[in-house]
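Trainee: The lines below spell out each chain.
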Amino acid sequence: MEAILTPTLGNWLAALITLMLFSILYKENPLYRIAEHLYVGASAAHGIITTWNNTIKPAITSMPTKGTWWEIIPMAVGLLIYFNMYRPYAWIARIPMGFWIGYNAALVLSARQVIPFLNQMTSAIKPLVAMTNGAFNLTQSINNILFVSIVLGVLIYFFFTVEHKGIFKYAANYGRLAIMIGFGASFGNTVMARISLLIGRLTFLFGNWLGLL
Amino acid sequence: MPWYKRLMGIDRRILYVIMVIGISFPMFSPIGLPVPEDVIAQAAYDYIAALPAGSNVLYSYDLSASGMTELKPASDVFVDLSFQKGHNVFLMALWAQGNNFSSLWADPIAAKHGAVYGENYINLGFVVSFSAFMEQSRTDLYQAFNGGIDKNGAKLSDFPMMKDVTKAADFDAVFSFNTGDPGPTAWIQQWNATEGVAILSSCTSVSTPTMVNYYQSGLLKGNVGGLAGAAWSEFIHGTKGSATGGMDSQSLGHVIIIFFLILGNVGYFASRAAGDSK
Numbered sequence: 001m002e003a004i005l006t007p008t009l010g011n012w013l014a015a016l017i018t019l020m021l022f023s024i025l026y027k028e029n030p031l032y033r034i035a036e037h038l039y040v041g042a043s044a045a046h047g048i049i050t051t052w053n054n055t056i057k058p059a060i061t062s063m064p065t066k067g068t069w070w071e072i073i074p075m076a077v078g079l080l081i082y083f084n085m086y087r088p089y090a091w092i093a094r095i096p097m098g099f100w101i102g103y104n105a106a107l108v109l110s111a112r113q114v115i116p117f118l119n120q121m122t123s124a125i126k127p128l129v130a131m132t133n134g135a136f137n138l139t140q141s142i143n144n145i146l147f148v149s150i151v152l153g154v155l156i157y158f159f160f161t162v163e164h165k166g167i168f169k170y171a172a173n174y175g176r177l178a179i180m181i182g183f184g185a186s187f188g189n190t191v192m193a194r195i196s197l198l199i200g201r202l203t204f205l206f207g208n209w210l211g212l213l
Numbered sequence: 001m002p003w004y005k006r007l008m009g010i011d012r013r014i015l016y017v018i019m020v021i022g023i024s025f026p027m028f029s030p031i032g033l034p035v036p037e038d039v040i041a042q043a044a045y046d047y048i049a050a051l052p053a054g055s056n057v058l059y060s061y062d063l064s065a066s067g068m069t070e071l072k073p074a075s076d077v078f079v080d081l082s083f084q085k086g087h088n089v090f091l092m093a094l095w096a097q098g099n100n101f102s103s104l105w106a107d108p109i110a111a112k113h114g115a116v117y118g119e120n121y122i123n124l125g126f127v128v129s130f131s132a133f134m135e136q137s138r139t140d141l142y143q144a145f146n147g148g149i150d151k152n153g154a155k156l157s158d159f160p161m162m163k164d165v166t167k168a169a170d171f172d173a174v175f176s177f178n179t180g181d182p183g184p185t186a187w188i189q190q191w192n193a194t195e196g197v198a199i200l201s202s203c204t205s206v207s208t209p210t211m212v213n214y215y216q217s218g219l220l221k222g223n224v225g226g227l228a229g230a231a232w233s234e235f236i237h238g239t240k241g242s243a244t245g246g247m248d249s250q251s252l253g254h255v256i257i258i259f260f261l262i263l264g265n266v267g268y269f270a271s272r273a274a275g276d277s278k
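Sequence lines, in order, name chains A and B. Counting along the first sequence from 1, when you hit position 174 you're at 174 in my numbering, and nothing is skipped either side. Counting along the second sequence from 1, when you hit position 28 you're at 28 in my numbering, and nothing is skipped either side.
Hints listed in this document are in silico derivations from the structure and should not be mistaken for laboratory results. There's no promise every hint is true.
[As the list claims (entries may be wrong)] Straight-line distance between alpha carbons at most 25 Å, and here's what the computed DSS-like set of lysine-lysine pairs gives:
(1) A/K66 - B/K5
(2) A/K57 - B/K5
(3) B/K163 - A/K66
(4) B/K151 - A/K66
(5) B/K5 - B/K240
(6) B/K5 - A/K27
[What the hints assert, rightly or not] Residues on chain A that point at chain B, a partial pick, calculated with CB under 7 Å:
(7) L21
(8) S23
(9) N29
(10) T51
(11) L118
(12) L205
(13) G211
(14) L213
Just so you know, even glycine gets a beta-carbon here, dropped at the ideal spot from N, CA and C.
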């Protein structure tokens, strides 16, 4: 691959595919579809080759020296997944799938998964009167009051056992406002990420490809 | 046609062209806007900088190609910082595409510092099943890495820097460059929760709000969020990389979006005032 794709040819290929993908911004067209399918295909192929080279091939080649012949059993069980493609025996594919789901469910349900959750809960408990080196810290206190009140407001917003009337209504509205601000911040971050992607592509097109930068 | 209808009916392709021009402009004529301070990125930098020489720092490239622009600057800064501080640098990937980036991005920095492979740094390659890897690596790190081989297929036991590293707890910190899951969440749930290994992250802007939660609750020691966090990292590291250069474009892009948001809202409210909200 590297011998054929010289940097210049590689840059040209990457630039043309980038432009083909950008063409969707004008309107739907076959060039965009080709580029899209190329990306999906190349990503899948890359994943398969990497997995083969890094994991499967070393496992198979090391069997004679390590004597780990037992690894054939999980490999064979894993291959049963392909029965999914043959309808009369598709049920056999449920065996490796069952192992996989059971294994991951056990990992997720283990007690250690609770620790990060507990950490986040305990960190939500903050002093409303914050002290720094024995002195009252106004900024931190306001920050903590805001933090705690927003946590309570959002929790009340999602608390449906009690009808949102009276003080609950105000608290839930406050919580909803906080959620909307949170979504706004998330949207801002998403915009930033998308602009970053565009910056990356434009830098490539103007710099690496056209040599203008 | 009333003016507000024209305002609301601007062809989106015109907006795209204006956006591209706006973002491209600073690439040819940098504005030099100041880089805003990022305390969480600063915390990540300070944490890595404070680790003594000989510390084992694992850099995990848990990303796809979409994260190149935002994550490469952070990788450049932090891997460079680790080599400066004399850390033992370990590279790996929980994502297949990350396996390429670990070498592409870190190897030139290792070469710049004259680092010797296997003595100062090592690439442990890509692991397919992150959940199985993290579980097994708690007690048997060698076996967890594809049966005890590095990215190039060489035996881990042959490398001097691997002699004292046999389990997860032997690492002083894990730094995940990530575009999603598996990433910091998996590292926190497995290596931090049970082994107490410090976890740090460099994520895309989309994931930044989640990482801020982790940082505030002490689960992350620091996080470099998107291009803005990377630009601050470059600033405190004393380098001017692609993140610093990209921030002008980033800021101008936001100004254009805000401008069009205001225009759209003016059109919307004007149409409502005219009794023509449809």
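Trainee: Any hints from earlier that this structure breaks? Give me their numbers in increasing order, please.
Mentor: 1, 2, 5, 7, 8, 9, 11, 12, 13
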